[in-house]
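K.L.:
Residues per chain are reported as follows:
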Amino acid sequence: MTTANIPLKLTRKDFVSDQTVRWCPGCGDYSILAQIQKTLPDIGYKKEDIVFISGIGCSSRFPYYMDTYGIHSIHGRAPTLASGLAITNPNLSVWVITGDGDGLSIGGNHFIHTMRRNINLNVVLFNNRIYGLTKGQYSPTSRTGAKTKSSPMGSIEQPVNPVALALSSGATFVSRSLDAHTKHLGETLAKAAAHKGTSFVEVFQNCVIFNPNEWGPLEDRRQRDDHIIYLEHGKPMVFGKNHDKGIRLNGFMPEVVQLGDEFSVDDLIVHDETSKQLAYTLSSLEYPDFPAFMGVLYQEEKPTYTEVLMDQIHTAQETKGVGDLNTLYRSADLWTVA
Amino acid sequence: MTKPTQTFEEVESVIIRFAGDSGDGMQLTGTQFTNAAAVFGNDISTMPDYPSEIRAPAGTLAGVSGFQVNLSSHDVLTPGDAPQVLVAMNPAALKVSLPDMESGGIIIVNTDAFTRSNLKKAGYESNPLEDESLSGFQVYPIPLTTVNREALADIEGLSSKEKDRSQNFFALGIVFWMFDRQMETTTNWLKKKFAKRPIVIEANSKALLAGYHLGETLEAFQRRYRIRPASLAKGTYRKVTGNQATAMGLVTAARKMGKPLFYGTYPITPASDILHALAALRHCDVRTFQAEDEIAAMGSVVGASFGGALAVTGTSGPGIALKSEAMNLGIMLELPMVIVDVQRGGPSTGLPTKVEQSDLLQVMYGRNGESPIAVLSPQSPSDCFDIAYEACRLAVRAMSPVAILSDGFLANSSEPWLIPDADDIAPIEVNHPPARTNGEGPFLPYKRDPETLARPWAIPGTKGLEHRLGGLAKAPETGNVSYFPEHHEQMTAERAGKIARLADAIPEQEVFGPEEGELLMVSWGGTYGAVHTAVANAQAEGKSVAHAHVRYLNPFPKNFEALLKKYKKVVVAELNGGQLAFLIRGKFALDVQSFTKIQGQPFKISEVAAQIEEALS
Ligand code: SF4
Chain P
1 MTTANIPLKL
11 TRKDFVSDQT
21 VRWCPGCGDY
31 SILAQIQKTL
41 PDIGYKKEDI
51 VFISGIGCSS
61 RFPYYMDTYG
71 IHSIHGRAPT
81 LASGLAITNP
91 NLSVWVITGD
101 GDGLSIGGNH
111 FIHTMRRNIN
121 LNVVLFNNRI
131 YGLTKGQYSP
141 TSRTGAKTKS
151 SPMGSIEQPV
161 NPVALALSSG
171 ATFVSRSLDA
181 HTKHLGETLA
191 KAAAHKGTSF
201 VEVFQNCVIF
211 NPNEWGPLED
221 RRQRDDHIIY
231 LEHGKPMVFG
241 KNHDKGIRLN
251 GFMPEVVQLG
261 DEFSVDDLIV
271 HDETSKQLAY
281 TLSSLEYPDF
291 PAFMGVLYQE
301 EKPTYTEVLM
311 DQIHTAQETK
321 GVGDLNTLYR
331 SADLWTVA
Chain S
1001 MTKPTQTFEE
1011 VESVIIRFAG
1021 DSGDGMQLTG
1031 TQFTNAAAVF
1041 GNDISTMPDY
1051 PSEIRAPAGT
1061 LAGVSGFQVN
1071 LSSHDVLTPG
1081 DAPQVLVAMN
1091 PAALKVSLPD
1101 MESGGIIIVN
1111 TDAFTRSNLK
1121 KAGYESNPLE
1131 DESLSGFQVY
1141 PIPLTTVNRE
1151 ALADIEGLSS
1161 KEKDRSQNFF
1171 ALGIVFWMFD
1181 RQMETTTNWL
1191 KKKFAKRPIV
1201 IEANSKALLA
1211 GYHLGETLEA
1221 FQRRYRIRPA
1231 SLAKGTYRKV
1241 TGNQATAMGL
1251 VTAARKMGKP
1261 LFYGTYPITP
1271 ASDILHALAA
1281 LRHCDVRTFQ
1291 AEDEIAAMGS
1301 VVGASFGGAL
1311 AVTGTSGPGI
1321 ALKSEAMNLG
1331 IMLELPMVIV
1341 DVQRGGPSTG
1351 LPTKVEQSDL
1361 LQVMYGRNGE
1371 SPIAVLSPQS
1381 PSDCFDIAYE
1391 ACRLAVRAMS
1401 PVAILSDGFL
1411 ANSSEPWLIP
1421 DADDIAPIEV
1431 NHPPARTNGE
1441 GPFLPYKRDP
1451 ETLARPWAIP
1461 GTKGLEHRLG
1471 GLAKAPETGN
1481 VSYFPEHHEQ
1491 MTAERAGKIA
1501 RLADAIPEQE
1511 VFGPEEGELL
1521 MVSWGGTYGA
1531 VHTAVANAQA
1541 EGKSVAHAHV
1551 RYLNPFPKNF
1561 EALLKKYKKV
1571 VVAELNGGQL
1581 AFLIRGKFAL
1591 DVQSFTKIQG
1601 QPFKISEVAA
1611 QIEEALS
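The listed protein sequences derive, respectively, from chains P and S.
Number 302 in this note's numbering belongs to position 302 of the first sequence; there are no gaps in the numbering.
Number 1556 in this note's numbering belongs to position 556 of the second sequence; there are no gaps in the numbering.
To be clear, the hints were calculated from the coordinates, so they are not data collected in a lab.
Heads up, some of the hints might be wrong.
Unchecked claim - With a straight-line Cα cutoff of 30 angstroms, these simulated DSS-like cross-link-like pairs (lysine-lysine) come out:
no., chain 1, residue 1, chain 2, residue 2
1, P, 46, S, 1463
2, S, 1095, P, 320
3, S, 1463, P, 38
4, S, 1463, P, 13
5, S, 1191, P, 320
6, P, 46, S, 1568
7, P, 47, S, 1259
8, S, 1120, S, 1095
Stated by the list, open to error - Short, incomplete list of chain S residues facing chain P, as computed with Cβ under 8 angstroms:
no., residue
9, 1041
10, 1104
11, 1116
12, 1155
13, 1239
14, 1279
15, 1287
16, 1300
17, 1419
18, 1505
Just so you know, even glycine gets a beta-carbon here, dropped at the ideal spot from N, CA and C.
With the hints as extra help, turn the sequences into a complete structure.
P.N.:
This is the structure in structure tokens:
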């Protein structure tokens, strides 16, 4: 057949499984699912080379809805399965789908170590600052004072900051987007997929049932641009519906300024996604105390875990020869009984 | 000076223990002597016994590190009950070892270490070298520290403290003399090990030789012993520990599957040596992954198996506890993988460096839900090789996790291993379903093989077989999430059924001794040597006793039940509270007796012999 040579261009539909999606109507997860399905045809991988691995929670139902290889694993452990898989077959595009509870509470330890190893993985964390599947307890990203079923008088805990944690754990790609901004989300996912090594994408996701007001104006198309700073490498940090606000450094402290008589674009911070110092500074500023940063906070080219591992294997095979079992058995003091 | 006259005594076997502080290098000394004996052709069996602290407080009983070797001109299966020769580097080592010693045995002591403070640390009220407490032994008091320093006096560039580190080699030299052994294996080892530090080679070689010469010149040492080579089966041998053999067995299985070996693990005593052995084998495409914790290690193994590797983890009891949820995921996803549990004393942190067989029920049942798993257990250090290969073979056949129950004794003990020819080892057949193009109907990830009940192992990268697996209950064939009652029952039965059907693929249970009669001794794991030897001795005395050593614990071999029923009495000997006995009673409703020991130490042959005696009376 002649058509066999012409690779059929995949479309979003190729990634839709036959399973009925069972998230609550209006849940932010739908948008993330749609954007990932839209992004995949263009990431340069064959469909059979793409794998989704999740843990437990609302977001973790994700693999069932994808017509790719996938595993709906156990609570918090998705990165561990993904790591073993990616080491076994470095040619795959492996995606970890997790949530704030799954990824940062029960799976917190795995999160840290996955970020530092730089295995070729894309980790997408749906952050809705609440436990959805267990019906509304506070999560490790819930704000202090958040009133939930398990914190009727307000959460006593200090929340964890996902991007800051990813950065300080040594991640080589740290980004953020939000469910409601489909275009931005799609672009960010595409960048994550293109990055070699572990890519981290935090997605602000709206749990319409248990925490519908968490992201407030960010979820509202008409208001959001006054509350979001879209990071672009090499561009000054201008934001606002009318592009009339910006972020400048006042000493070591970033501050929001009004552009006009006092400040111009030249006074603003120019985003440099290769600067870890800048990334640390930005990551420490939390919404809603500060406008929310969206986009690629930090990116760094580094050899991946698997590249180095395969290098070691090849080097060992070059210097010692490809391992031979009989030689292995005999690598000790020997004696012969005649 | 005239040389004293020597006499040689031929002995069949001797049990020697080297004991000292954990910093005294006793493990090394014992290993060196063992290597020389092995290369000479003796049968050997060794057992290290050391504290879990890397350097426990010097001079104390808790800090004593011992290495026992049994060398013989005939088969030996255990390190021996009672040492006949003891090298004690300090009072604590003497005190700890003395209760085990054979009466009349030889004790070589370093008198320099018998200071008032060391005696006190060991809890001696008076110096045992000066009172009557050692009168039943042949004691050779040697000021090892002094004579060693003298021997190394002309070496410049080493402090006396550094020189003292060669004391163990001085002692080793004496023992080499006593047993008329070549020191070549040790001197070669020194040259290789310290190639970059010639001064260390010089010091240790000198100490070794000085010890040997001391033997030659001291009147006391003129009674020497010779042990002929054992008549082992023809072939080339090496010495192997259980952990080394496990590592080589896993690499072999991977090669025989045509797969990379993925070994995801977290360091834990006494399993870590498997990781060390495998980490050095990158050239065999071994991908070791040192995970952040036990859970991650197990998770990585599930992922690696999904990807098509031979996926294995190694741990000990506390690690199994942490891994159980991910092991269960492996059972639910129905992917092949091997879990090596090198058991140690428990519960909790327990006795990290000591032996126990108390994880059997944990591994069998320590997970939520109906969660069947195949369980195998090696019987000796070299058998770890065969069991590792077997576990991989069965995991692939059943598409399910398989557990290996090794233990701290097997892991670190060594024995001669008749090296197999790798070409004679059968391949392990792996059938990944091939890629599909359109028009072949949907791929059914849980469609079972009618014979084995295994589902297909479809791996990412295969076109047209995209599918989702998960921990939720599922429908037959499609594997789609299903809470339908009949589906759950059917899938539960099928998961159990495919483990049960492994009985079709394993050898029948063998019996040593009469095929029916008065008494059957049943054992499993590292107790093989002690039980077998005790049974053999009893048989030689004309007693009706047989021995069944079980290597396949789940499923049991097909003939096991019938076999048990052929004896009037069945005694199950194990190093736990009676776990295999519990399984046998539950499975076969048989009234078996239980013989147990939970001291962190292996059975002694004499203990089993006494039990046989009692059971027959
Ligand atoms: S509970 Fe919240 S997060 Fe879960 S599906 Fe419903 S809306 Fe989405």
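K.L.:
Which of the listed hints are broken here?
P.N.:
2, 6, 10, 11, 12, 14, 18
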